[in-house]
Structure formats: C-alpha cells, structure tokens
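The chain contents come next:
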Amino acid sequence: MEELFRTVYPVEAADYTSAGQASADIKRKLKQLGVGGDVLRRVAVASYEVELNLVIHSMGGELVLTVYPEAVQLVSSDRGPGIPDLEMAMREGYSTANEEARSLGFGAGMGLPNMKRNADDFSIESELGKGTTITMRFNLPL
Amino acid sequence: MTIADMISVLNARVLRGEDKLDTPVYTACCSDLMSDVLAFVDEKTVLITGLTNPHVVRTSEMLDLKCLVFARGKVPTEDILDSAAEQGLVVLTTKATAFTACGLLYEAGMRGVPVPMEWNTEDDA
Ligand SMILES: Nc1ncnc2c1ncn2[C@@H]1O[C@H](COP(=O)(O)OP(=O)(O)OP(=O)(O)O)[C@@H](O)[C@H]1O
Ligand SMILES: [Mg+2]
Numbered sequence: 001m002e003e004l005f006r007t008v009y010p011v012e013a014a015d016y017t018s019a020g021q022a023s024a025d026i027k028r029k030l031k032q033l034g035v036g037g038d039v040l041r042r043v044a045v046a047s048y049e050v051e052l053n054l055v056i057h058s059m060g061g062e063l064v065l066t067v068y069p070e071a072v073q074l075v076s077s078d079r080g081p082g083i084p085d086l087e088m089a090m091r092e093g094y095s096t097a098n099e100e101a102r103s104l105g106f107g108a109g110m111g112l113p114n115m116k117r118n119a120d121d122f123s124i125e126s127e128l129g130k131g132t133t134i135t136m137r138f139n140l141p142l
Numbered sequence: 001m002t003i004a005d006m007i008s009v010l011n012a013r014v015l016r017g018e019d020k021l022d023t024p025v026y027t028a029c030c031s032d033l034m035s036d037v038l039a040f041v042d043e044k045t046v047l048i049t050g051l052t053n054p055h056v057v058r059t060s061e062m063l064d065l066k067c068l069v070f071a072r073g074k075v076p077t078e079d080i081l082d083s084a085a086e087q088g089l090v091v092l093t094t095k096a097t098a099f100t101a102c103g104l105l106y107e108a109g110m111r112g113v114p115v116p117m118e119w120n121t122e123d124d125a
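As you go down the protein sequences, you meet chains F and Y in turn.
Here our numbering is used: the first sequence runs in plain steps of one and ends on residue 142.
Here our numbering is used: the second sequence runs in plain steps of one and ends on residue 125.
Next comes chain Y alone, as it looks inside the complex (with noise of 0.2 Å):
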C-alpha cells in the first residue's frame, strides 16, 4: 500500500512530507522503544509510536524510514516537524490509539517486520 492508502485507512492528517505520498509501505512497526525500532526496522516500514520527541526522528533518520505516524492525536512541536522534513519523512497524526491504528492497518492488508528467528528472548536465560 502507499501512504496515501494509509492516510485513508487511518483517518490521519499529514503534518509534513504532503508530496510524498505516492511513496510505497511494505510493513509497520509499532513501538515506543527506540533501541527496538533500531534493531529490526529498515527502510521500507512505516514506524507507529506515542513518543513525539525529537529521537524518534533522529531514529527514522538512521533508518532512513520514509513515513512515521504518531498515535492517539499526538502532534511534535514544529522544529520537531521541520527537522522531519528535513530529512524527507512523511508525517501524520492519526485520531486512533497505537493499538487501533495498528488493528487497522493489519486488517488493510499491512504485515510487521519479520523478527529474526534467534531472536527468540526466552532463550536469553
């Protein structure tokens, strides 16, 4: 699906990256947690959070993630935004909690990042 699907999917509003759209999504990662996203996100994924401070740009940044949708209506302050589109990230804002915006997207079609098979943390013991 492209971001535009999304927006649709998701009710959301752009709050940077308006001609960017067209830009394809393969999968989605959901998270709160920074070292998370780093360790099994790449580029092709749009990241859903609840976090609006500067790290979770900084973060897509590193991976150089395409989209980032925030949560629960939740907006970053605009050098928050501007350092975004700085980079080239489409943002939106969705009215739907994290869980439901993911509950969306699932149902839509969108699949997670597959998570390494070693990764398996029980084993960690």
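Okay, chain F solo, but in the shape it has when bound (with noise of 0.2 Å):
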C-alpha cells in the first residue's frame, strides 16, 4: 500500500502538561492533508485518548500516524508494563489511573472502549514487562 505521510510522535511517560500535543498535531495534518468531519474527529477523540493512557498508565512510548489514500492508520507502542488483564482493562468503568490523572479529569476506564468505537478496525496486543501495541485504523471516504 502506498504511504502518503508518516510521523512518529515519541510520547513520555508521565508528562502531564504536553499530553495531547501530539494528538493536536496529528489532528492538523490529516486536516492539511484534506482530511475532515466525522473521519478527523474520530482519529482526533482515538488518538488522544491513546496518547493519554501513554502518558498515564506506561512508561513512555511512541505514536505513528501513517497515512494512506484509503486509510489514516494510528499505532501506539509502548515499553511497559503491559496489561495483565485485557478483557478487564477494554470494560467500561475499569481504570487504574493514579491519583494525579484522576484530578485531570481523566481514569473515567473509557478510553479503550473509546478507542474502539471510533476506530474502523482496533487491535490491542499486550504482554507484561514487555509493553503494549494498539493499532488503529480508519478508512477514509473514497
């Protein structure tokens, strides 16, 4: 498939107060790149709620905006502590989010559920002390 457009976005662990600027940059190219309405919110709501839980919940990772002409794909990996529980971790409601991400505004336990919805094919891979891949993707209209 041929790629249009490429970014990676190292995210830290932690960094409360840049979290999301990724996400902000990625919704303003796919805009460049003529990208728009539903399918731009959905990658905007998806991308930031995964760059937040890189923030929150790993220990650093990196986001990858790959743009296709028919799809806009989002891959976030990280490099630990992965999730022990992945059926638990995609319910509603579940959240371990430490006191500070709760005060926020965030440890709500929707932003997989999230991720989910918004996307058009969701992936999510996870293994302890090694990390967790999520992958994304969202077709575009033709």
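Hints in this document: simulated from the structure, not taken from any laboratory.
Every residue gets a Cβ at the ideal spot worked out from N, C-alpha and C, and that includes glycine.
One should not assume that every hint holds.
Now the in silico label distances, taken between C-beta atoms and shown as ranges [stated by the list, open to error]:
no., chain 1, residue 1, chain 2, residue 2, range
1, Y, K95, F, E100, 26 to 36 Å
2, Y, D19, F, L86, 19 to 29 Å
3, Y, R111, F, P141, 27 to 37 Å
4, F, R79, Y, Y106, 44 to 54 Å
5, F, D38, Y, R111, 28 to 38 Å
6, Y, G103, F, E12, 19 to 29 Å
7, F, S103, Y, D82, 14 to 24 Å
8, Y, T77, F, M59, 21 to 31 Å
9, Y, E107, F, G60, 42 to 52 Å
10, F, S103, Y, L104, 19 to 29 Å
11, Y, T77, F, D120, 32 to 42 Å
12, F, E127, Y, R72, 19 to 29 Å
13, F, Q32, Y, K95, 39 to 49 Å
14, Y, Q87, F, M59, 37 to 47 Å
Since each chain sits alone in its own frame, please combine them into the complex, following the hints.
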C-alpha cells in the first residue's frame, strides 16, 4: 500500500503538561491533507485517548501516524508495563489511573472502549513486562 | 439557542470569543470526566465543567467544540484561555454551580446530548 505520509511522535511517561500535543499535531496534519468531518474527529478522539494512556499508564512509548490513500493508521507502542488482563481493561469503567491523572479529568475507564468505538479496525496486544501495542485504522471516504 | 442567549440565562461573563456570540448551540454536556466527554459529545455541544486544566481545552479541540462554560466562577489561567481562543472557542464563566447552570439551561429549553442506547453500563457485568 502506498504511504502518503508518516510521522513518529515520542510520548513521555507522566508528562501531563504536554500530554495531548501529539494528537493536536496529528489533527492539524490530517486537516492539511484534506481529511475532515467525522473521520477527522474519530481519529482525533482515539488519538487523544491513546496518547493520554501512554502518559498515564505506560513507561513511555511512541505514536506513529501513517496516512494511506484509503485509510489513516495510528499505532501506539510502549515500553511497558503491559496490561495483565486485556478483557478487564477493555471494559467501560475499569481504571487503574492514579490520583494525579484523576484530578485532571482522566480515569473514567472509557479510553479503550472509546478507541474501539471510533476506529474502523482496532487491535490490542500486550505482554507483561514488555509493553502494549494498539493498532487502529480509520477508513477514508473515497 | 445562541451563546448570547446562554450568557443571559447563566448571567455569564465572556472570557474569550466575544466576536462569536451569535453561534448556535444545540445540546449541553456537564462533566469533569474527559473520557466521558470524548465518548459522546459532538461539535454542536456546549461543555459545562468545573475543571480548569489545559486538558479541558485540548479535549474541546479534539471535538471541535464551540463553547466552554466554567462553573462556580472558575477562571483558568491566561495561557489556557489563550490556547482556547487560538482554536476559536468561546469561553464563559458563570457564578452558578454546575448543577444550577444545568438547571437554568434546561429550564430555558436546552437538552442533553443523546447517549446511544447500547451504552447501558448496567449490562457490563
Ligand atoms: N499503555 C498502557 N499500558 C499499561 N496499561 C494500560 C495502558 N493503556 C491502558 N492501560 C490499562 O487499561 C485501563 C483502562 O484504560 P482506559 O483508557 O480504558 O481507561 P483509563 O485510562 O483508566 O481512564 P480514561 O481513559 O477514561 O481516562 C487503564 O486504567 C490501565 O490499567
Ligand atoms: Mg485512558
């Protein structure tokens, strides 16, 4: 598949101040590329959720945006700690967010279900002690 | 109703976006949980919140919201307000508590965001 565009955003653990900046940039870039409306909003929401999860729950990682003629792909991968029970983590309302994250308005346990709902394709893999990888695809209207 | 109507209902003060008060708003959402907001709010919705951190503004940016209302007289810092203004948000503050602000808006005809049927969280278990 032909790649039109690709950017890598490193995301630091516990960096609450700049959390969300990658997603804001992703949204701007996609807009410049002519992506709009419903797809743009779905990518933005999923990207923000996945970025905040990297900041809040992971030991750091990266977000990779790839744009193809027919789809936008977003891959989040981190250096750990991994998710012990994926089924539990995917449930609405399940959260292990700490006090600091909660005080900022996170920890509703809605992020992963939100991503799944917004992406046309969603997959999550996690290994304890290694890390978590989430791949999301959003189909572009022809 | 328009943002200007909301201002008179809430006796609100405009912090940013003075030039966009004729923008129509269709529904409202009151929440301090950003993921809940990200789950079901769209750009026609005004967000009423008690949180004044930068993530409220970033969440609004992701959703293309037009209007943000801070309850209980809260006012975020100038740099947060400026980033809100940069994305064209109208920002209001009202002395009313979040509960009262919602009640006043409801009385004036504003309604909540429809939440999809399948989201009956009681079914989760
Ligand atoms: N990258 C990650 N690394 C480790 N654990 C994670 C990661 N992402 C999610 N989790 C785990 O999955 C749980 C659920 O994530 P989800 O995004 O749904 O909710 P949350 O982040 O806790 O709250 P919200 O997203 O509503 O602010 C988290 O509380 C955490 O335990
Ligand atoms: Mg989350």
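Going down the list of hints, with the structure as the test:
{"no.": "1", "hint": "Y:K95 - F:E100: 26 to 36 Å", "in the structure": "29 Å, holds"}
{"no.": "2", "hint": "Y:D19 - F:L86: 19 to 29 Å", "in the structure": "48 Å, violated"}
{"no.": "3", "hint": "Y:R111 - F:P141: 27 to 37 Å", "in the structure": "30 Å, holds"}
{"no.": "4", "hint": "F:R79 - Y:Y106: 44 to 54 Å", "in the structure": "47 Å, holds"}
{"no.": "5", "hint": "F:D38 - Y:R111: 28 to 38 Å", "in the structure": "22 Å, violated"}
{"no.": "6", "hint": "Y:G103 - F:E12: 19 to 29 Å", "in the structure": "42 Å, violated"}
{"no.": "7", "hint": "F:S103 - Y:D82: 14 to 24 Å", "in the structure": "23 Å, holds"}
{"no.": "8", "hint": "Y:T77 - F:M59: 21 to 31 Å", "in the structure": "30 Å, holds"}
{"no.": "9", "hint": "Y:E107 - F:G60: 42 to 52 Å", "in the structure": "48 Å, holds"}
{"no.": "10", "hint": "F:S103 - Y:L104: 19 to 29 Å", "in the structure": "27 Å, holds"}
{"no.": "11", "hint": "Y:T77 - F:D120: 32 to 42 Å", "in the structure": "38 Å, holds"}
{"no.": "12", "hint": "F:E127 - Y:R72: 19 to 29 Å", "in the structure": "45 Å, violated"}
{"no.": "13", "hint": "F:Q32 - Y:K95: 39 to 49 Å", "in the structure": "41 Å, holds"}
{"no.": "14", "hint": "Y:Q87 - F:M59: 37 to 47 Å", "in the structure": "31 Å, violated"}
Of the numbered hints given earlier, the model fails hints 2, 5, 6, 12, 14; all others are met.
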